Amino acid sequence: MANPEERETLETPITILLLGDPGCGKSTFLSGLKSIRDRPPGNSSSNNPSELLLRDTNQPFVYDINFSKKSFTLEIYDTASPNQHWTTLQPEVVLLAFDISNRETLDGLKRWRSEVIRHFQRGEGERIPVMLVGLKRDLREPGEGLIYPQEAYRIAQELRCDRYAECSAVTGELMPQAFEDLARLAFMTTTAEGGQSKGGCVVM
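With numbering that gives the first Met the number 0 applied, the sequence shown corresponds to residues 0 to 203, in that order.
None of these hints come from the bench; they were simulated from the model. This one's a predicted model, so the numbers in the text were calculated from it and none came from an experiment. Honestly, I wouldn't trust all of these hints.
Said to hold, decoys possible - Beta-carbon label-pair distances, calculated as ranges: (1) E5 / G142: 43 to 53 Å; (2) Q176 / Q156: 18 to 28 Å; (3) G142 / R117: 14 to 24 Å; (4) E172 / G22: 35 to 45 Å; (5) R153 / T8: 38 to 48 Å; (6) Q176 / T78: 35 to 45 Å; (7) G22 / Q89: 37 to 47 Å.
No residue lacks a Cβ here, since even glycine has one placed at the ideal position from N, Cα and C.
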């Protein structure tokens with residue numbers, strides 16, 4: 000780990016827009032990310048996201064990141080905010096979310112992806128980095144509507160997403176990994192390479 004003196008601080012926050020159908024778990028996911036950042040060093044126990052539930056008035060949700068000898072800030076906006084219409088933002092990254100236990104939220108991703116292209120296409124041949132995240136992993140149960148990871152990954156590829164991850168904010172399963180992957184993608188937008196994946200969608 001780099002010494003604080005060796006870290007380069009990025010002064011401008013990196014804006015992330017979180018999109019997804021109502022009830023897919025976005026607020027609980029953001030609260031789960033906050034519990035990870037607020038956890039004391041050496042404390043591996045997971046906090047209960049419901050006890051830290053973030054409210055729309057808290058937006059943007061701010062997370063300080065130390066990554067790859069860089070210190071930077073993520074500002075995440077949730078689509079439920081009554082004070083900020085999401086199409087007026089200028090995000091560096093879009094995070095598309097769906098509920099693993101609800102196939103309708105998976106089907107709704109195509110509409111959200113079309114809206115991203117409509118509002119944030121930056122010019123011919125350019126596109127904004129997009130990460131797809133499957134929420135409520137703990138609720139994946141066998142049944143007719145079961146969404147396997149392979150299917151969700153295929154959808155991510157079809158929608159030209161740059162990364163795909165799954166997690167559960169309630170149990171904490173894969174939350175640190177999903178957060179790290181999101182931070183990595185956000186950081187890449189500040190480099191010459193940019194955040195777009197060169198070889199297709201990357202699975203966390």
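To see whether the hints hold, each was checked on the structure:
1. E5 / G142: 43 to 53 Å: Holds: the Cβ-Cβ distance is about 51 Å, inside 43 to 53 Å.
2. Q176 / Q156: 18 to 28 Å: The hinted range 18 to 28 Å holds for Q176 and Q156, with Cβ atoms some 20 Å apart.
3. G142 / R117: 14 to 24 Å: Roughly 34 Å apart at Cβ, these two residues miss the hinted range, so it is violated.
4. E172 / G22: 35 to 45 Å: Given range 35 to 45 Å: violated, Cβ gap about 20 Å.
5. R153 / T8: 38 to 48 Å: holds, 39 Å
6. Q176 / T78: 35 to 45 Å: violated, 24 Å
7. G22 / Q89: 37 to 47 Å: Hint violated: Cβ distance 27 Å, outside 37 to 47 Å.
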